[in-house]
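**Q** Protein sequence lines correspond, in order, to chains A and B.
Take the first sequence: its position 353, counted from the start at 1, is 353 in this note's numbering, and no numbers get skipped.
Take the second sequence: its position 116, counted from the start at 1, is 116 in this note's numbering, and no numbers get skipped.
There may be inaccurate statements among the hints.
What the hints assert, rightly or not - Quick look at which bits of chain A chain B covers, simulated, 3 or more residues with Cβ under 8 Å:
1) 331-341
2) 364-370
3) 378-387
To be verified - If the Cβ cut is set under 8 Å, some of the chain B residues that face chain A in the computed set are:
4) G58
5) R60
6) A221
7) N232
No lab work stands behind these hints: they were computed from the structure.
Keep in mind the model is a prediction, meaning the values are calculated, not measured.
Even for Gly, the Cβ is constructed at its ideal location relative to N, Cα and C.
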Amino acid sequence: MSVSSSKLDPSIRLGAQGVTRRFGALVANDRIDFRVTRGSIHAIVGGNGAGKSTLMRILQGMDRPDEGMVIVDGAPAVFLGPADAFDKGVGMVHQEFMLVPGLTLLENLVLAHEPTGAFGAIDRQAALAAASDLERQAGVRLDWDLAEEDAPIHVRQIVEILRLLYRGADVLILDEPTAVLAPAQVKELIALLKKLRDEGRTILFISHKLDEVLALADQITVLRNGKVVASLPRGEADKAELARLMIGEILVRPELREASAGETVLAAEGLTVRDARGRVGLSEVDLAVRKGEIVGIAGVAGNGQDELASALIGLGRLSAGRITLAGVDITSVDLARRRSLGLSYLSPDRAAEGLCLAASIADNTIAGHHRRADLCKHGVLRRNAIRQHVDALLDRYMVKRSSSSLPAASLSGGNQQKVAVARELDGDPTFLLACQPTRGVDILGIAFIHQCLIDFRDRGGAVLLISEELDELLTLSDRIVVLYDGKVTGEVARGDAGVEQIGRLMLGGGRA
Amino acid sequence: MSDHAASAAPPTRFPWANLAEILTPLLLALAAAGVVLAVAGHNPFEVYWLLAVESFGGTRRIAATLAASTPLILTGLATAVAFRAGAFNVGVEGCVFVGGLAAAWVGFSFTGLPAVALVPLALAAAVVVGAFWMLVPGLLKARLDVDEVVTTLMLNFIAISLTAYLVNGPLLAPGSANSATPMVAEAARLPKLMPPSTLNAGFLIAIALLVLYWWWSNRTALGFETRIAGTNPRFATASGIDVPSLIIRMMLLSGAIGGVAGGIHALGTVGRFVSGFSPGYGFTGIAVALLGRGSAIGILLAALLFGALTTSGATIQLFSDVPIEIVNILQGMVMIFAVARFGWIFARRRRA
């Protein structure tokens, strides 16, 4: 925490001094001091709820501190909004890219700041010249005439970064930039960001992936509970120390018992999904999940995971293939029937599908089980039995709540997800399809949910785990099946699962 | 449309919260209409006192208010049932027409039957025809995602015109010049509760259905599923609830209750079917369901409010120089404030 006095220091490109932001009783940012040196890469790490996003919003002008101030070029500054921050050279790459489908990459690059010729026509040559200049600075080559929707996700991310440069930003704020990338693409991004730094740009990025932080950042600031707990140069930081600073205590990784997989519970053969336009979303996928094992599905987002999940729960249309659950052909039966045969489904989209946020916590806990004999008799709900069941179940899953009759929206993200997990593991299903089970959950919640999945497996449950978190897949899976472009490109057993190999498979590479 | 319906059918179960939700738009409407009255040279407090006396001051006035509320309880209930499942059914008005005609037809055709058989038969006909009237919009919404607001609204015009044609042609009372069916048999009339008021057994049926609705929506598995499906259909689907089938069933139920509203109006109040049978009961029912926030107690209070405004409006101009238009303005204001509140919730949901 080598923060000097508030003397004017132009080497500080962007910073915060005593920034405090409260939301009701919650102090999201508590007297935050930090400085980003011009021409450096600065990482902000911290668990969910540590205050990273709030700080970024303040540094980008989307929010204003209750106390303290933002520092620009060593002097106090007030951002009236994101446009004002941009005028001072600060631009942000959001997790959801802000590119326009239907336009080419070049059009997206110059959008709203097009070089124009006579009669306002876009000067394509000038735009291309600007694009190739940016390519040179960033050390990349792009096909600028590609339509936005046809460009792979890492290319879109590069366009998003170059667009900020095109419009004159020299401070780039990136929010979890590697979350959507495969390992090889992460390396490319790291190289690109380093090149930009060497060109004199200042980069500030949020991450919770410590390996990437250590590979990329010059300076690392750790947030916990809204406070800066440390700020260290890369040379003084190591992974274990950063993890300890982030969490405040040492987390024990769940011990995986050697899998004792039994007979096949879920078998899928030749699953093929084509959408209305004939695009193949899933192609000839074979899959088997046995009793007492967790099978992970790895892949860059959008390579068939969604189609696979919809096919297994029966909400998507299957073009070809066959699915059996515990020996019963479920290919053409609806989700209610699949659930009664022992299927359980943890949705990746907690807010829209995994829970009904407007309904009470209790309603969310029993939905889908509400016609079970112990909760319902002759179509009439047994209210006392339901109340006892809900309280017992939520206590077991340690869901922090003041009353189960409050809306589910009143819970924190981690506790919401625990409600969904509790519900889906209730009633001892035989097969659980778990999609992004810990998305948006803090690090302690993640550990808890991981333990729930492992316990379920050890009780003989079969789990298909679809996740974008490679770490999660490596921690939990007995086998990892890799999807690329709707096809299975390989399978890696526990033990010999190397990040490099999985990464290669995620990008379509064969078994090297 | 599920977002609309969700706010009409909240998971709250506390009657007091509902009461506050009904009273707020009412008070705002009274205040706004008070300004209109004052500008027009009337003392708003005097007018409101007069309205209160005319609707609740004495047994006969109360009976008239309850009689006016009866069809509104039923149409409000019919609308709320569909809202609850996420279907924004605005076609209850049409169900009132076809249900009313069906009940009247049974009532004047099977004149030999005793009351114990004829009344249930006539109401059953209203139920069947009303439900049938909502079958096509229900199927279209559930299976093809066709907007039910458009289909049910259009079906209203068809219902009104179709019944008008029938009572001008095939079902016209012999020797009658105005478009009306023959009077139903005396055995088909619903017994009057407090003669000479038109308050009849239909009010008791409406209250019974309201109690049933409260029990169904809060205590049964089907009511639970309907509420979840109306609030978040994706979640309901992922939980294994068959949302399309639920929507069809609730649309049928909505149509059936709308048909009963028409049947009771025909057998209890009018005694036959006439063209222009309903003065917009189905549309007022939408306001009742919205204002009552889809809860049983809320629907009852909202229906009583609109019933009171109707009865007092009819007589107020006899005793004062306040024109009936003032009462219409007041009714409209209540509706606007009820719906405005609802639009605010809708906007907040969209942002969330």
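**Q** With reference to the structure, classify each hint as holding or not holding.
**A** How the hints compare with the structure:
1. 331-341: holds (count 6)
2. 364-370: That given contact holds, which follows from 3 residues of the stretch 364-370 of chain A lying within Cβ reach (below 8 Å) of chain B.
3. 378-387: Since three or more residues must qualify, the claim that chain B covers the stretch 378-387 of chain A holds, with 4 doing so at under 8 Å.
4. G58: 42 Å, violated
5. R60: 41 Å, violated
6. A221: OK, holds: A221 of chain B within 8 Å of chain A, min 5 Å.
7. N232: 4 Å, holds
Hint compliance for this structure: hints 4 and 5 are not met, and every other hint is.
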